[in-house]
Amino acid sequence: MIRLKLLDFVIIFSVLLITIILTLIIYSGYNLPGLLKITSESDVYFFTLDTDRTVQISGPIGNSVIRIEAGSAFFTDSPCHDKLCVKTGHLNKTGDWAGCLPNKVFISIVKNGNSSEEAINETDSVSY
Amino acid sequence: MKPIQSVTEKNNLIAILAGCSLFLSLIEFTIPKPLPFMRIGLANIPVMISLVILSPRQTFFLMFIKVLGQSLVSGTLFSYIFLFSIAGSFSSCSAMLFVKHMFRSKVSMVGISAAGAFISNSVQVLMACIFIFEKSAVVIAPPFLATGLVTSVLLGLFTEYFINHSEWLKGKVRT
Amino acid sequence: MRENMVPPALYLVTGLLILPLFFFNESLVSLTLMTLSVIILNLFTGRRIRILPSLIVSSGIILTNLLQPGGKLLFSISGFPVTEESLLSGLQKALFLSGMIYVSRFSVRKGLRIPGKTGAVLIKAFYYFEKMTEISFKGEGKPGLNKIVASIDRKLMELDSEETADNLTETADSGYSIFSLLFCSSVICFFAFLYFLPDFNLF
Numbered sequence: 001m002i003r004l005k006l007l008d009f010v011i012i013f014s015v016l017l018i019t020i021i022l023t024l025i026i027y028s029g030y031n032l033p034g035l036l037k038i039t040s041e042s043d044v045y046f047f048t049l050d051t052d053r054t055v056q057i058s059g060p061i062g063n064s065v066i067r068i069e070a071g072s073a074f075f076t077d078s079p080c081h082d083k084l085c086v087k088t089g090h091l092n093k094t095g096d097w098a099g100c101l102p103n104k105v106f107i108s109i110v111k112n113g114n115s116s117e118e119a120i121n122e123t124d125s126v127s128y
Numbered sequence: 001m002k003p004i005q006s007v008t009e010k011n012n013l014i015a016i017l018a019g020c021s022l023f024l025s026l027i028e029f030t031i032p033k034p035l036p037f038m039r040i041g042l043a044n045i046p047v048m049i050s051l052v053i054l055s056p057r058q059t060f061f062l063m064f065i066k067v068l069g070q071s072l073v074s075g076t077l078f079s080y081i082f083l084f085s086i087a088g089s090f091s092s093c094s095a096m097l098f099v100k101h102m103f104r105s106k107v108s109m110v111g112i113s114a115a116g117a118f119i120s121n122s123v124q125v126l127m128a129c130i131f132i133f134e135k136s137a138v139v140i141a142p143p144f145l146a147t148g149l150v151t152s153v154l155l156g157l158f159t160e161y162f163i164n165h166s167e168w169l170k171g172k173v174r175t
Numbered sequence: 001m002r003e004n005m006v007p008p009a010l011y012l013v014t015g016l017l018i019l020p021l022f023f024f025n026e027s028l029v030s031l032t033l034m035t036l037s038v039i040i041l042n043l044f045t046g047r048r049i050r051i052l053p054s055l056i057v058s059s060g061i062i063l064t065n066l067l068q069p070g071g072k073l074l075f076s077i078s079g080f081p082v083t084e085e086s087l088l089s090g091l092q093k094a095l096f097l098s099g100m101i102y103v104s105r106f107s108v109r110k111g112l113r114i115p116g117k118t119g120a121v122l123i124k125a126f127y128y129f130e131k132m133t134e135i136s137f138k139g140e141g142k143p144g145l146n147k148i149v150a151s152i153d154r155k156l157m158e159l160d161s162e163e164t165a166d167n168l169t170e171t172a173d174s175g176y177s178i179f180s181l182l183f184c185s186s187v188i189c190f191f192a193f194l195y196f197l198p199d200f201n202l203f
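Residue numbers (this note's numbering), protein chains in the order written: chain A, 1 to 128; chain B, 1 to 175; chain C, 1 to 203.
Source of the hints: derived by calculation from the structure; they are not laboratory data. Heads up, a few of these hints could be off.
Over the 12 Å line for every Cβ pair with chain A, so calculated as not near, a few chain B residues [stated by the list, open to error]:
| # | residue |
| --- | --- |
| 1 | ASN12 |
| 2 | LEU54 |
| 3 | SER71 |
| 4 | LEU83 |
| 5 | ILE86 |
| 6 | SER91 |
| 7 | SER94 |
| 8 | PHE131 |
| 9 | SER152 |
| 10 | THR159 |
| 11 | LYS172 |
Calculated lysine-lysine pairs in the DSS-like style (CA-CA distance at most 25 Å, straight line) [what the hints assert, rightly or not]:
| # | chain 1 | residue 1 | chain 2 | residue 2 |
| --- | --- | --- | --- | --- |
| 12 | C | LYS72 | B | LYS135 |
| 13 | A | LYS93 | A | LYS111 |
| 14 | C | LYS117 | A | LYS93 |
| 15 | C | LYS93 | B | LYS10 |
| 16 | B | LYS10 | A | LYS5 |
From a predicted model like this one, the values you see are computed outputs, not experimental measurements. Where is the CB? At the ideal position from N, CA and C, for every residue including glycine.
Using the sequences provided together with the hints, build the complete structure.
Structure (structure tokens):
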């Protein structure tokens, strides 16, 4: 009735193969950019590491300035006197963290994707 | 076998195929689907048929008339939906013509259909990620591509059957 | 108001003039008001629109935008964080895209003529489309693939032998009345006004 050719099977098989490979790549989530989580005294913020930007976070003693650049995040300024947070340097791996205790600003890199609950709770327990 | 038809005859043929496409879009519209983005692609059957009776140029023209007609009916001519359907149709049309002219009788409509659907779906998912959704929208790609493969194989089987059994097509087939 | 009180070409011009205002609009307030106005305008001019598909797509857009958290955490629904920037950018995209569809629905009316060969073939295609809807799959015996193909074949051969298709013409536009010009220019002015509305922070 309908005669399929060898090439039909080749095409179907290739499409299937590409779909399976894509599925594995997409659902393994390795291509997601890192996510920076900033916790201040009153609020929580999230920013992806793939867009450069500067964020000002206000705390009890003033504004802390955090810069996101080329996939890493760091404190550029904070109103504390020891500047430990600035000295911590660049954060770029999941789990990296830095904080300015006097100003109650804490930054960390959390897992992107199905992170949410874990990420929120995890840092909550650290900050309190 | 009848020699190549006149311009008006060819245009009539294109119009008939485009009319069929619009009719099939209507049928597709009435079939309930679990997700709004999922499509069967019934309207592409006439485009596949045109591969054996029209020149590549005319196939592209048919594709254009099909997309234009669909957007006029749905009133989406000046929206992103038109861009999506023209990009999807244009890419699948190119892919199908490429496969057809590359392998000629070594491939049937099933392979052509699978290739066309895959290219068209990939282009549309890519566009969706770039223009509409965030990059995280690639998660819709796997189910989209998988259902596309299944429906395109079924459509290809039907089209192949139609081409082999249609009395209407006999005498129209391009040599 | 009846749909044919404004000629199709004028709907098109009006719509095409409003459309860019959606493109270059960053203000959520203005986008919201413009989208609502277009919906009302469609209903007012007798164009039926469907809200549900647009709502489904919009919620999909907002949801996928939220998957990538960004900005201040507003609240979280059982662990799913709803962040300010993501929500706003999702809302903006959703409004922009559904607004575009409604403007398009407003612009494209029955009787709109497309020039040249494309238009001529298109008119024929619509003619054949209507003929196709009369197709019947009735036949002797069990229904099957061969029956379906036979029915389609019969219809196609019937269409092939038709001679009338060549001299299809559209009815001419009925001219531009003062009312239609007035109506369209006020629509354009109203949208220009909405475009320049200041934005304010929602949160």
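Legend entry - Earlier hints that do not hold, by number: 9, 10, 14, 15 and 16
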